[in-house]
Amino acid sequence: MSSNGTPSFLPCGDAAVTIEFGDTIDPEINAKVLALDAALLAAAVPGLIETVATYRSLNVQYDPLVLDYPAFEAQARGLAASLNPAIGNARRWHIPVVYGGEFGIDLDDVAARHGLTSKRLIDVHASAIYRCYMIGFMPGVAYLGGMDQSIATPRRETPRLKTPAGTVAIGGIQALVASVEMPSGWHLLGRTPVRTYMPSREPVFLISAGDEVVFEPVDASQWEALDSAAAAGDKVARESRA
Amino acid sequence: MSALVVQHCGAGTSLQDGGRLGWQRFGISPSGAMDRVSLALANALAGNARHACALEFTLIGGAFVVDGGPVRVALAGADCSLRISGRAIPLLTSVTAWAGETIEVGTARSGLFAYLAIGGGFDTEPDLGSRSLQSRAGLGGIDGRALRAGDRVPVGAFMLSGSERMLSAPPPESGPMRVMLGPQDDYFTSGGLDALLGGTFAITPEADRMGFRLSGPRIEHGPKGYNIISDGIATGAIQVPGSGQPIILLADRQTTGGYPKIATVISADLARLSQLRPGSQLTFLMVSREQAVEAARRLEAKLVAAIAAMAHADGNLLSSERLLGLNMVSGVVRG
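Read top to bottom, the protein sequences are chains A and B.
When we follow the numbering used here, the leftmost residue of the first sequence carries the number 126, and every step to the right adds one.
When we follow the numbering used here, the leftmost residue of the second sequence carries the number 102, and every step to the right adds one.
It is worth saying that the hints were derived from the structure and are not from the lab.
Accuracy of the hints is not assured; some may be wrong.
[What the hints assert, rightly or not] Just the calculated beta-carbon pair ranges, DEER-fashion:
| # | chain 1 | residue 1 | chain 2 | residue 2 | range |
| --- | --- | --- | --- | --- | --- |
| 1 | B | R249 | A | R217 | 41 to 49 Å |
| 2 | A | A168 | B | S182 | 47 to 55 Å |
| 3 | A | G130 | B | E321 | 26 to 34 Å |
| 4 | B | E307 | A | H239 | 36 to 44 Å |
| 5 | A | K287 | B | A150 | 48 to 56 Å |
| 6 | A | Q274 | B | R249 | 47 to 55 Å |
| 7 | A | R280 | B | S211 | 38 to 46 Å |
Heads up, the beta-carbon is just placed ideally off N, CA and C, and yes, glycines get one too.
Please model the complete structure; the sequences and the hints are all you need to start from.
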């Protein structure tokens with residue numbers, strides 16, 4: 126990003142461009158990304174196929190035979206100069222989590238590493254209000270910022286080839302809610318019955334970038350009831366206004 | 102409704118169309134045919150729109166019995182044999198198969214991905230707007246998976262009319278794969294850039310619809326290292342993890358990634374790239390945006406011309422059908 130705050134346009138071949146607002150994980154930068162995403166969507170640019178909003182940049186994919194790149198860049202620069210990023214007014218998702226044991230096999234290790242009891246680690250993890258910066262990697266995986274820095278934990282040296290669907294994990298200063306079984310080098314603190322991605326349910330995806338997420342510890346004895354409800358299409362997650 | 106019943110097929114046989122567009126923001130890769138040029142040719146011969154759903158074969162073919170029928174099919178892409186109840190049919194020629202007949206696609210003699218299009222298109226229930234298989238998400242295909250023996254693959258409404266058709270594939274491009282630098286070329290040393298643009302790379306056996314892992318001279322990262330804050334990934338992006346060995350990310354790629362991407366293969370070269378088998382060698386050539394767009398226009402014009410020149414299989418030019426063909430291909434390359 127240049128020093129005057131205007132975004133950089135990074136070429137990704139002739140059919141995509143990444144519009145980068147910064148190189149840090151920062152709610153204000155992310156809000157600009159989402160605001161530009163909304164502005165481009167509203168502008169209905171001919172030839173624009175889809176966009177991928179991430180922490181600090183917006184990847185725009187287009188048909189180079191329809192969209193004239195220089196004109197598009199000028200248009201996007203214009204839109205970026207007059208953005209109205211909204212940080213508040215988000216949806217907030219309340220996600221039930223069973224921590225520890227078979228649900229979060231790394232909980233005790235991570236707690237020990239920080240000199241905390243497992244109970245205290247749960248309190249710290251579950252007391253933050255997280256912002257979903259992006260959905261990515263695999264269907265519906267929510268990448269969250271806002272974790273208490275004191276429990277930041279570097280990723281595992283060797284990623285696990287499989288971690289369960291619904292895993293609630295931390296890696297570095299980030300937190301994550303997984304949707305599907307996936308490889309991961311993050312630390313598994315717990316598991317939620319919430320399906321952030323469920324093709325047979327409407328809505329297919331629950332969490333969007335810009336939403337807030339809070340975790341609500343629940344007892345392992347509740348898992349089966351919640352999981353069956355979720356499998357039957359219940360969101361299980363409560364939604365409120367942030 | 103007519104259907105093809107799978108007798109046997111290779112593990113990499115799946116339904117693919119123009120891709121699942123608009124869902125990368127939720128982590129769903131676009132999928133769709135690896136070689137869009139061959140998909141368009143096969144569909145033109147079968148009388149379909151460019152992005153109609155076809156069967157994509159990876160190296161190994163399969164055998165299918167026609168249920169209901171008749172159906173009109175055509176094969177394009179990797180060089181595989183096509184037989185209808187034992188009769189050999191040339192590539193890029195449509196053929197009608199009747200109820201109870203067997204359609205056999207052989208193992209590819211060259212190339213990697215072959216496309217069997219069928220008049221009316223394959224008519225499974227689309228997921229999120231596409232029939233393309235995305236197995237990690239459990240979307241498209243047959244119940245979210247690849248084809249296997251015993252599957253009954255439904256065929257859309259189709260009226261058999263007119264004679265069989267043939268066409269010639271557009272003259273192939275040869276030479277290096279053309280790339281535009283970026284989005285993170287500033288994460289590499291000048292030696293790293295030289296390695297990419299001057300070195301010879303081989304496609305490793307780790308090549309699939311997600312991406313092609315290459316081996317070659319080490320592409321050296323600069324002082325900023327090899328971790329970026331995850332961002333979006335374009336088709337053809339050349340990602341370089343800590344090993345310095347590049348991976349070209351393709352249709353079933355992850356939607357975001359945290360390794361720097363040194364360059365991106367231009368859209369005009371993605372189809373021919375996808376046909377390179379493991380063991381093939383390739384080099385890269387840096388081009389400008391203007392050159393890349395010009396190459397995309399040239400490829401599109403060649404494709405339109407090839408379809409416009411489609412002829413009756415007995416050698417007579419189509420007349421009104423030819424105009425339909427022209428109209429059919431006026432859509433976008435990736436739309």
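Evaluation of the provided hints:
| no. | hint | verdict |
| --- | --- | --- |
| 1 | B/R249 / A/R217: 41 to 49 Å | holds, 44 Å |
| 2 | A/A168 / B/S182: 47 to 55 Å | holds, 50 Å |
| 3 | A/G130 / B/E321: 26 to 34 Å | holds, 32 Å |
| 4 | B/E307 / A/H239: 36 to 44 Å | holds, 37 Å |
| 5 | A/K287 / B/A150: 48 to 56 Å | violated, 40 Å |
| 6 | A/Q274 / B/R249: 47 to 55 Å | holds, 50 Å |
| 7 | A/R280 / B/S211: 38 to 46 Å | holds, 42 Å |
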